[in-house]
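> Here is how the chains run, residue by residue.
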Amino acid sequence: MRWFWLDRFTEFVSGSHATALKCVSLSEDYLHDHWVYYPVMPNSLVAEGMAQTGGLLVSELYAFGELVVLAKFAKCQFDGEVRPGETLRYRAEILQAKDAGASVQVSAHVGDRKHAEAEIFFARLGPESGDVPADTRLFDPAHLLHWLRLVGVFDVGVRQDGTRLDPQDYGFVTQS
Amino acid sequence: MPTKTDIFSKVQEALVDALGVEEEEVTPEATLQGDLDAESIDFLDIVFRLEKAFDIKIERGELFPEDILTNTEYVVDGKVNPTGIAKLKERMPFADLSKFEADPVVQNLGQQLTVQDMCNFVEHKLSA
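Taken in order, these protein sequences are the chains called A and B.
For the first sequence, position 10 (counting from the first letter as 1) is numbered 10 according to my numbering, and the numbering increases by one without interruption.
Just add 1000 to wherever you are in the second sequence, counting from 1, and you've got my numbering.
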């Protein structure tokens, strides 16, 4: 199993907000390890999907080049359950951002029903923070680019003036 | 300019939301790290909430001057030296550092920061 908790972005506006979809399928292993006769998506994994949606939005704020880590869920609330065959729609909106980190409001809907809502903090661990050695990185840039492409960041991503996001603007080496 | 009571009330609300503590726990003399269990990431949360509540901008290191506490010019053997103390007083006129001065071990500063210090900080910012 791979640690992808959103399938693709349908909207990604730099420094502002993003929307992503997660389709829940009975073929996913975790559904069979939770409640065997009543498969539901565990809310901890919904929270991970919300964190990945907000985290990539925040990571873009720092040009995908900094260490951005989930710091805390300041608030998190769930209502109901998510079953196989349903689609989660995550929407993340940046509330505040600084050099040291950012806060994001994220909701998860199934159709019109709000399933979850959270306020999530991400910390940016720059070398000046003293928290990590200067050459530390979370992802190999090629792997990060692969992930961003898989989930469609560069298919739908735009800046606030409407111009498209381009991998080369972030220093990613792309093959022509 | 809001009154001291207004400032305390908003600071209290910010700390309740950021730290998940009860309103009654947030007294003026309560220490952020010692009594309210604030961790380092909570300070960013607190800063965001104070900025929003009071419509102010708080720069990095303004509330908690970590640059002084990590500077070998001011810290020797884990303790802040007299030059460092003078620098801290200059940067933190809102905080009562008398207790810290008695035993200036770096870690003590965060442990001793109180809710009242936060209120003083906001008042200091608003009057600037």
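Check before you lean on any hint, since a few could be wrong.
Claimed, not checked - In silico DSSO-like cross-links for lysine-lysine, where the CA-CA straight-line distance does not exceed 30 Å:
hint, chain 1, residue 1, chain 2, residue 2
1, A, Lys-98, B, Lys-1004
2, B, Lys-1099, A, Lys-75
3, B, Lys-1087, B, Lys-1099
4, B, Lys-1057, B, Lys-1125
5, B, Lys-1052, B, Lys-1079
6, A, Lys-75, B, Lys-1052
7, B, Lys-1099, B, Lys-1125
8, B, Lys-1089, B, Lys-1052
9, B, Lys-1004, A, Lys-114
10, A, Lys-75, B, Lys-1004
11, A, Lys-75, B, Lys-1079
12, B, Lys-1125, A, Lys-114
13, B, Lys-1004, B, Lys-1125
14, B, Lys-1125, B, Lys-1079
15, B, Lys-1089, B, Lys-1057
16, B, Lys-1057, A, Lys-72
17, B, Lys-1079, A, Lys-114
18, B, Lys-1010, B, Lys-1099
19, B, Lys-1087, A, Lys-75
20, B, Lys-1057, A, Lys-75
21, B, Lys-1010, A, Lys-75
22, B, Lys-1052, A, Lys-114
23, A, Lys-114, B, Lys-1087
24, B, Lys-1099, B, Lys-1089
25, B, Lys-1057, B, Lys-1087
26, B, Lys-1099, A, Lys-114
27, B, Lys-1010, B, Lys-1087
28, A, Lys-114, B, Lys-1057
29, B, Lys-1004, B, Lys-1079
30, A, Lys-75, B, Lys-1089
Hints in this document: simulated from the structure, not taken from any laboratory.
> Indicate, hint by hint, whether the structure satisfies it.
Hints versus structure:
no.: 1; hint: Lys-98(A) x Lys-1004(B); verdict: 28 Å, holds
no.: 2; hint: Lys-1099(B) x Lys-75(A); verdict: 35 Å, violated
no.: 3; hint: Lys-1087(B) x Lys-1099(B); verdict: 16 Å, holds
no.: 4; hint: Lys-1057(B) x Lys-1125(B); verdict: 9 Å, holds
no.: 5; hint: Lys-1052(B) x Lys-1079(B); verdict: 34 Å, violated
no.: 6; hint: Lys-75(A) x Lys-1052(B); verdict: 17 Å, holds
no.: 7; hint: Lys-1099(B) x Lys-1125(B); verdict: 23 Å, holds
no.: 8; hint: Lys-1089(B) x Lys-1052(B); verdict: 26 Å, holds
no.: 9; hint: Lys-1004(B) x Lys-114(A); verdict: 40 Å, violated
no.: 10; hint: Lys-75(A) x Lys-1004(B); verdict: 28 Å, holds
no.: 11; hint: Lys-75(A) x Lys-1079(B); verdict: 37 Å, violated
no.: 12; hint: Lys-1125(B) x Lys-114(A); verdict: 39 Å, violated
no.: 13; hint: Lys-1004(B) x Lys-1125(B); verdict: 13 Å, holds
no.: 14; hint: Lys-1125(B) x Lys-1079(B); verdict: 28 Å, holds
no.: 15; hint: Lys-1089(B) x Lys-1057(B); verdict: 21 Å, holds
no.: 16; hint: Lys-1057(B) x Lys-72(A); verdict: 22 Å, holds
no.: 17; hint: Lys-1079(B) x Lys-114(A); verdict: 52 Å, violated
no.: 18; hint: Lys-1010(B) x Lys-1099(B); verdict: 26 Å, holds
no.: 19; hint: Lys-1087(B) x Lys-75(A); verdict: 37 Å, violated
no.: 20; hint: Lys-1057(B) x Lys-75(A); verdict: 23 Å, holds
no.: 21; hint: Lys-1010(B) x Lys-75(A); verdict: 19 Å, holds
no.: 22; hint: Lys-1052(B) x Lys-114(A); verdict: 26 Å, holds
no.: 23; hint: Lys-114(A) x Lys-1087(B); verdict: 51 Å, violated
no.: 24; hint: Lys-1099(B) x Lys-1089(B); verdict: 13 Å, holds
no.: 25; hint: Lys-1057(B) x Lys-1087(B); verdict: 22 Å, holds
no.: 26; hint: Lys-1099(B) x Lys-114(A); verdict: 50 Å, violated
no.: 27; hint: Lys-1010(B) x Lys-1087(B); verdict: 29 Å, holds
no.: 28; hint: Lys-114(A) x Lys-1057(B); verdict: 33 Å, violated
no.: 29; hint: Lys-1004(B) x Lys-1079(B); verdict: 34 Å, violated
no.: 30; hint: Lys-75(A) x Lys-1089(B); verdict: 35 Å, violated
In summary, the structure is inconsistent with hints 2, 5, 9, 11, 12, 17, 19, 23, 26, 28, 29 and 30 from the numbered list given earlier, while agreeing with the others.
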